[in-house]
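A.B. asks: Construct the entire structure; sequences and hints are all you get.
Just so you know, the sequences run in chain order A and B.
One rule links them: number in our numbering = place in the first sequence (from 1) + 3.
One rule links them: number in our numbering = place in the second sequence (from 1) + 3.
Any given hint could turn out to be false.
No farther apart than 20 Å at their CA atoms in a straight line, the calculated lysine to aspartate or glutamate pairs in the EDC-like style are these [stated by the list, open to error]:
| # | chain 1 | residue 1 | chain 2 | residue 2 |
| --- | --- | --- | --- | --- |
| 1 | B | Lys43 | A | Glu29 |
| 2 | A | Lys30 | B | Asp93 |
| 3 | B | Lys425 | B | Asp93 |
If you're looking for bench data, these hints aren't it; they were derived computationally from the structure.
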Amino acid sequence: MSFETLNPLPMEPTTVRQSDPTMVIEKPRSLVHIHTYGSETPFFKGLAEGKLLGAQCTNAKCHNHKLGEMLPPRVYCPDCLEKMTFMDVKDRPAEIYTHISVKYPGAFNKLPNPCHLISVRLEGVSTILMSYLIDAEPEIGLKVKPAFNTQKPSFTILDLAWKPA
Amino acid sequence: MYSDKEWRTPMIRFSRQHLATPNQMRPVYVVAGGSSDFRKKYPEKKTEELCIEAFRMMALENDLKVDSIQEVKDRIQMAIYGHFADHFGDQLLGESLIHDRLGLDPLPNYAVKTGGATGGSTAFAAAMAVASGQADCVLALGWERMDEVNTKVGNHYISTAADKDFETELGHSYTGYYALMAQRYWKIFGKGSDAFRRTLGKISVKNRQYAYSNPFAQTHQKVTVDEVINSPIVADPLRFLDCCLMSVGASSILLCDEKTAYELSDDPIRFYIAGGTHTLRTADRRNMDIPLLPNEREDQYMHLEERFPGADLYPGFTGFLAARMAAYYVYGMAGIENPVEDFDLVELHDAFTISDVQSYEDLGLRPYGEGADYIESGDAYYGGKCPSNISGGLLGCMHAVGATGLMQIKECMWQLQGKWAKFHAKPHMWERFGKTIPEDIENLQVPNAKTALAISHAGVGSHVTAAVLRKEVGV
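C.D. replies: In structure tokens form, the structure reads like this:
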């Protein structure tokens, strides 16, 4: 009997980083998560179509009613828990609320390094969206407009960027 | 553009019940604490070894009126465990593994996860178990194993504590999400000045200086303000030395009802704790009125925007509502009227220099907009009115996430018990971790300390716990 007969799969040799005084080994792995956008799907499809969908509470009995869209959008209003209505807010006047440059991103980052992260305040929208800036140096108060990756969409939030208005 | 009435409409509404002071049905005490040391990488020991070291120190070195580990274990009726990230340690149900290794089966246990506030929330859950009568003696123990992946993967793992669809993809850098707040705060309340940038640097200098005298600390490197503000940029304006450590280690505390506390200890410390929350995404923070603490006036913030143009939103990106609410609740429980006067020391969640400043304001150590003065006045330093992070905090000592809040509670407890020197200034405390006590170690025992505050904080302010510890006199 051998390990080969116990386990028909070829065993990869383990990389041993150190043997003494304690043994430290590598445990490599590659895996894929399968993720649903659920009822937020229109937002991510919308980016690929040049739309920026916020969500508004249309429940007249809710104190959040027409107080401004929420962006990122939500499926349910956080106050009355009724379903919200998606509305395109891409043409709203917008400006940079705050900004930074990431010089040391984490693993799996797909943005250029360094990249300008910004928080964008849109007129009439009650929340302040995190995104990134292209084609300009950021500053607080800079008027911006959305840019969409409609050619080869990734169907992630990276399909939305902002540039000077 | 943004001055219409709707922006001023309070969007979080408080009911009478929301604002009621929380009540412990019976007093809760903390009697003992312990820790492993903290390291960036710890290949010498498995997680369970570190947890057992923390437990052994808690049981055997806190002057409890017992002769053995078994006598402490005989008292424990329940355990609450804290570890932030299963994916860091690559172990689901770690609490079961640790519970078994501690030999506490078949007692009930469960684990708490609230990001960076996990340690505080672990203490919160344990305190509720005692306060409710569910158990007379509860172990709260937390750990984190952050060295199984490299720093870039670690940063990615931490960034998954942001919204994975709307934020994580943007740089995979939690520092970046804090830096957005730092930029706004610096421009609005710091007036964009170099002086404010240096104030941030002073926080890092201060906390690393205190870590120098802490044998548990991951680093013993004193730095200067110039070194902080010239250290490599992680996410502008935050630099390497503005950011907390990433650590491996464990901490524990023992919480008891009054009878058990005095049976076990001659100097139990009264323990109050409360929590607050706010949105996972900074994006979702809707405007509201500032909830006031006992030391603030109704009209105090009426002209905030005139004094600090741009300070038109609360909490905006400059405050943490969760911290404000945790403070509101626990100050009510413990009768705190003026934090900077009532606390002899505080341990704050200095994950980043900027979040430390923000917390000064949320906790009422300074009014909103004036956090920098807590540092510049000298109040925050040892010898000042209300010194902060004498342990070295997250910047200098450690951030082994599930252990962090417990480590800070334990350090406050030792200060109130007058045991700082016992656990920090004895050569054997350094030698057990393979270190040599510095010749120029500072005595950081706060004289006659009676009341302390320990904060535990998650995300960009998603969860915060606030614990007040008080030395009882004449009991």
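A.B. asks: So, for every hint listed, does it hold in this structure?
C.D. replies: Cross-check of the supplied hints:
1. B:Lys43 - A:Glu29: 18 Å, holds
2. A:Lys30 - B:Asp93: Judged against 20 Å, a Cα distance of about 10 Å means the pair holds.
3. B:Lys425 - B:Asp93: 36 Å, violated
Hint 3 from the earlier list is the only one contradicted by this structure; the remaining hints agree with it.
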